[in-house]
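First to last, the sequence lines map onto chains D and B.
Its first residue numbered 1, the first sequence is counted upward by one per residue in my numbering.
Its first residue numbered 1, the second sequence is counted upward by one per residue in my numbering.
Just so you know, the hints here were simulated from the structure itself, not pulled from any lab data.
A few of these clues could be false.
Covered by chain B, per the in silico footprint, the following chain D stretches (three or more residues, Cβ under 8 Å) [to be verified]:
| id | region |
| --- | --- |
| 1 | 48 to 60 |
| 2 | 73 to 86 |
| 3 | 94 to 102 |
| 4 | 108 to 115 |
One side only, chain B facing chain D, incomplete, derived with CB under 7 Å [unchecked claim]:
| id | residue |
| --- | --- |
| 5 | 5 |
| 6 | 323 |
| 7 | 324 |
Treat the numbers as computed from the prediction; the structure is a model and nothing was measured.
Glycine included, every Cβ here is placed at the ideal spot set by N, Cα and C.
Chain by chain, the residues:
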Amino acid sequence: MTEPILEATDLVKTYTMEDVEVRALRGVSLAVRPGEFVSIMGTSGSGKSTMMNILGCLDRPTSGSYKLAGKEVSKLGRGDLATVRNKVLGFVFQSFNLLARTSAQENVELPMVYAGVPAGERHERAIASLEKVGLGKRLDHTPAQLSGGQQQRVAIARAIVNRPKVILADEPTGNLDSRTSIEIMALFQELGRSGITIVLVTHEPDIAEFTSRVVMMRDGKVLSDVTQNPTDARAALANYKEGDA
Amino acid sequence: MNLFSTFRVAILALLLNKMRSFLTVLGIIIGVGSVIAMVAIGEGAKAEVQRAFDKMGTNLLVIRSGSAQTSGVRGGAGSQPTLLWTDVDAIRKETLYVTKVSPSLRQNVQILGEGKNWTTSAEGTTPEYFEIRNWTFQYGGPFNEQDVTTKAKVAVLGGTVVDNLFGNAADAVGSTVRLNNVPFEVIGVLSRKGQAATGQDADDVVMVPAGTFAAKVQGGLRQYLGGSIYVGAATPEDTRKAQAEITTLLRARHKLRDDEPDDFTVSSLAEAASARQEGTETMTRLLAGIALVSLLVGGIGIMNIMLVSVTERTREIGLRMAIGARPGDILIQFVIEAVVLASVGGLLGVGLGFGVATYLSSEFGWATKIDPQIVALALGSSALVGVGFGLYPAHKASRLDPIQALRYE
Ligand SMILES: Nc1ncnc2c1ncn2[C@@H]1O[C@H](COP(=O)(O)OP(=O)(O)O)[C@@H](O)[C@H]1O
Ligand SMILES: [Mg+2]
Chain D
1 MTEPILEATD LVKTYTMEDV EVRALRGVSL AVRPGEFVSI MGTSGSGKST
51 MMNILGCLDR PTSGSYKLAG KEVSKLGRGD LATVRNKVLG FVFQSFNLLA
101 RTSAQENVEL PMVYAGVPAG ERHERAIASL EKVGLGKRLD HTPAQLSGGQ
151 QQRVAIARAI VNRPKVILAD EPTGNLDSRT SIEIMALFQE LGRSGITIVL
201 VTHEPDIAEF TSRVVMMRDG KVLSDVTQNP TDARAALANY KEGDA
Chain B
1 MNLFSTFRVA ILALLLNKMR SFLTVLGIII GVGSVIAMVA IGEGAKAEVQ
51 RAFDKMGTNL LVIRSGSAQT SGVRGGAGSQ PTLLWTDVDA IRKETLYVTK
101 VSPSLRQNVQ ILGEGKNWTT SAEGTTPEYF EIRNWTFQYG GPFNEQDVTT
151 KAKVAVLGGT VVDNLFGNAA DAVGSTVRLN NVPFEVIGVL SRKGQAATGQ
201 DADDVVMVPA GTFAAKVQGG LRQYLGGSIY VGAATPEDTR KAQAEITTLL
251 RARHKLRDDE PDDFTVSSLA EAASARQEGT ETMTRLLAGI ALVSLLVGGI
301 GIMNIMLVSV TERTREIGLR MAIGARPGDI LIQFVIEAVV LASVGGLLGV
351 GLGFGVATYL SSEFGWATKI DPQIVALALG SSALVGVGFG LYPAHKASRL
401 DPIQALRYE
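So here's chain D without its partners, still in its complex pose (with noise of 0.2 Å):
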């Protein structure tokens, strides 16, 4: 067996708001190999989101331990952790997070700044990144231009233009209809088919059907962690009829 990419184990998150103490984690292990598509479920409320953000490097847990790619970052400061999220992670929001006004190209070769890429190089993978994605075509169209599928699509090219190990997507069809969630699912799975390790949040059971594993949470602990048969995206939307969903 592999060892695994992603590895919390206990992780405990309490916030704390005016004496009353939120406990979003209580205890969540999980350990995720290279590769794997996970989703993570459960209702609102049950800290998924707190996780993913854990997962994400971009908070830190109350106790616990988590382990990205064989290195504990549960304790680094924040100049260290957002080194990590430059170099290791990709992320996809709900509301993709575009700069407006502000070309695809240039939105997808930001993280590459931060990661001091040279200019010619970072023309280059950026416009390679949005190939992959199927926006080849749409390099100076401004978040305005484009419609939620494709916004979501150079968010997916931003997430993988510096080669990270693993993506993490906090409800990436949220806001999306069903066959362009089934669309987004599909490239998903082609990223997953290269090789990245990727995380999802979704509360939408036909979502969930496109990765093959599903972890369930509530009220701050894993409730279920079934894997199983992905169902080919690329399949369904062939399948895909109006009004299906």
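Use these hints to put chain B with the ligands onto chain D, whose structure you have.
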């Protein structure tokens, strides 16, 4: 993140809000602009004063009767003659650094010529005086040593006197004028100097040989010299040395004891000039104060708009952090944005100052002079204001929590 990309991002961010950026830096534009313009005028005035003193002769000393200390009691230096005619010769012969000496006796007179009448200042002097005071001639020439000893009734007229007596300046030479009813032959007309550094009209003068003046205009003072002695030296350095020499010499000649004060004053025009320059120095310092205040106000404006900008772009900051911007990267980004903003303001201000100065000098004929050092200083301090007042908003941005920032609506 390299500096070039950071500058590019900063400029693009400012261009997205052109009007707001412009209004933000308006304070700096006006502050820097008015300082550049006013310094240009101040420097121009300074140069003008310097030119005026140069025309009067800079390496110049004036010796007057009466002590400086007691002048208040005595009613002003020169009110009671203590200088002797023989002092003039002594100064010429017994000093090292004095190159020229000349007496100057002054008195207001009525002058009559071609039937017209004018009140002017008559000056009795010697030929060297024209050299000491940098006088040149438009027509004719000066009187000579012989005219002084023979008390010749010849006169040299200043431009203003000529204007008031003759229709045509060229007609003046060779004609006869009457000073206090004594006829004098006009032998020269002086080139104009315009307004003297003291504010008087330097051309409102008639000059006659010193001997003639003592005999025909002033009279009754015998061995005493009823006026001042002008002394010329070669360099400013020599002028200072000559001042000391003359003081020692005259104290000895006037037989003053060690505890007695000087009964004469030796003042230099350079001193008067530097006193005038000090006035402009004070003005320059005042301007620097105004500049400081306007930059401060401009800086506060920049800080305000940067705080607004940080709040507006909270999500952008969150995103940048999520994809790998370190707190330092965010800090530098916003500091540079503030610096670019302030520097652009400074640059526009310099342009405005240039424009105003050029306009004033062409429209009103004011002398203006733009000092590159002031321009550099204005631009430098604008940039510094950007750093100073951008630091706090930038620090605030860099301390944002990426999760909170990404969730910000
Ligand atoms: N920053 C925070 N401060 C206080 N409580 C929080 C914060 N973030 C999340 N929580 C609380 O933690 C619990 C889990 O939240 P979250 O991880 O966002 O759940 P999910 O994403 O599954 O809806 C909720 O009760 C939520 O109110
Ligand atoms: Mg959530």
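Which earlier hints turn out false for this structure, listed by number in ascending order? none
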